[in-house]
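Q: So you can see what is in the structure, the chains are spelled out below.
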Amino acid sequence: MADSRIINTTLIRDAIVQLIHEASFQLHPETHKTFIQMRDTEEPGIARQTLDTLIVNDDISAAAQVPLCQDCGSVVVFLEIGQQVIIEGEQLNDAIQGAVAHAYEKYYLRKSIVADPLQRVNTGTNTPSFIHVDMVQGDKLGITVYLKGGGSENMSSLNMFRPTAEEDEIIDYIVQTVRDAGPNPCPPLFLGVGIGGTADVAMLNAKKAVLRKPGSFHPVDYYRELEEKILRRVNDTGVGPLGFGGRNTAAAVYIKEAATHIATLPVALNLNCHSLRYRGIIL
Amino acid sequence: MKPVEIHTPLDQQTIENLKSGTMVALSGTIYTARDRAHQEFQKLLEAGKPLPFDPGGQVLYYAGPSPTPPGKVIGAVGPTTSYRMDPFTGFMLEAGIRGFIGKGKRSQHVREQLVQWGGVYFATFGGAAAFLHTRVVSSRLIAFPHLGPEAVYMLEVADFPLIVVNDIYNGDLYESALPG
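Quick mapping for you: the protein sequence lines, in order, are chains D and B. Just so we're aligned, residue 401 is where the first sequence starts under this note's numbering, counting upward by one. Just so we're aligned, residue 954 is where the second sequence starts under this note's numbering, counting upward by one.
One or more of the hints may lead you astray.
Said to hold, decoys possible - Residues from chain D shown here face chain B by an in silico Cβ test under 8 Å; the list is partial: (1) LEU454; (2) VAL456; (3) SER461; (4) VAL466; (5) CYS469; (6) GLN470; (7) PHE561; (8) PHE617; (9) GLY640; (10) GLY645; (11) ALA659; (12) ALA663; (13) THR664.
Unchecked claim - Derived pair list, reagent style DSS-like, types lysine-lysine, alpha-carbon separation capped at 27 Å: (14) B:LYS1025 with D:LYS506; (15) D:LYS629 with D:LYS613; (16) D:LYS629 with D:LYS511; (17) D:LYS511 with B:LYS996.
Honestly, the hints are just simulated from the structure, not real lab data. Everything numeric in this text was worked out from a predicted model, so none of it was measured. Glycine included, every Cβ here is placed at the ideal spot set by N, Cα and C.
Using the sequences and the hints given, assemble the complete structure.
A: Take a look at the structure:
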């Protein structure tokens, strides 16, 4: 049996505080570059001015230490725990929730979580965060912190297709969803598409999909081509930056596929706004 | 294109000059209000009580700012999605509000109410909340502190960038922006 490795929860706490800070005040440098490329190909007028404003927003956020967006998000935490890792210290959940509460207080981030969906009293700490765990091989612990705004989350969609559905039906559904959402989810979007699995797995994969390394390609040729096709079609809608019209309705399309049942073909959409905020670390 | 400069409270002539697609630089006082504040406003109006400010010709900003760090006048302060306030917009127009700032589409019913009452719906730059914070000169919490980020703040803004989405002539920027 391979050697085990001990990781103390103080390390996990510190890492999560740091990741929330980085994600809240500056876009990933590759994401920033994507905005400059979009600006340079955009129509002059309000569309280009909008992209210029989003680029300036990133600069101001970092320099003035004011969050990129006033909606500092739900915190979604993805853990990839190696089987050889032994977690020592406090309860893992307490460490994560404690880190989130600390970061949101320390960095003057907006607390947007209510304790109950119907009673709606703000917890005042932005907790609980929503935690997803995958067990993997090895002695490392991967942590990704993803901050998701409520406005774009409200535009999420799931459709259970017939297993014999044509590819074009799926593309049409995606394009129609983006077109109907229009300005609401703050385009240009980072569009996560979960295909396959069960309904819940597809939705989770739609979230995980946008966390792929910025600028990277899908490893499977078929899906890479499908991503490009969807991106072209979505951009043909003309919704444009913030829905004011223009060429860039989506910055990127990311698919994450999964095995599924012979009777099902779930397709889930995560319309991430232009403010794509996440950071990861491997301990 | 140089933006049209306007000041609050909005007068009839200013409103008549605003057409869908017009870029605007707004200066003066505006009031933040989002979902829960609108519920509270509705309760006050239905009980025959006054709003926490004089609504005549005033402008609501659908926004819930992030906390104000020390040494700053406000935190990040971008718009939230406006359709959630659609059910309350008629009440607000009836009370005297004449401008609404947010992001995203309004219902057909709200567009008709804007025409009927002579109100304007503006969008500002969604998700550009750090940039927009530089256009706020001062802020003061004036109502519903228990609502936290959903409380009502009175903001003094200077050259706050807006674009007219729905005017009093039934124009809609988001529709006219789409091809076909």
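Q: Look at each hint and say if it fits the structure.
A: Consistency of the hints with the structure:
1. LEU454: holds (6 Å)
2. VAL456: Given a least distance of 5 Å, the restraint on VAL456 (chain D) holds.
3. SER461: holds (4 Å)
4. VAL466: holds (4 Å)
5. CYS469: This hint holds: CYS469 (chain D) lies near chain B, its Cβ roughly 5 Å from the closest one there, short of 8 Å.
6. GLN470: holds (4 Å)
7. PHE561: Interface hint status for PHE561 (chain D): violated (26 Å vs cutoff 8 Å).
8. PHE617: violated (26 Å)
9. GLY640: Nearest chain B Cβ about 6 Å off; hint holds.
10. GLY645: holds (3 Å)
11. ALA659: ALA659 (chain D) check fails; min Cβ-Cβ to chain B is 35 Å, beyond 8 Å.
12. ALA663: violated (35 Å)
13. THR664: Not OK, violated: THR664 (chain D) not within 8 Å of chain B, min 31 Å.
14. B:LYS1025 with D:LYS506: holds (15 Å)
15. D:LYS629 with D:LYS613: With Cα atoms ~20 Å apart, LYS629 (chain D) and LYS613 (chain D) stay inside 27 Å; holds.
16. D:LYS629 with D:LYS511: violated (38 Å)
17. D:LYS511 with B:LYS996: holds (25 Å)
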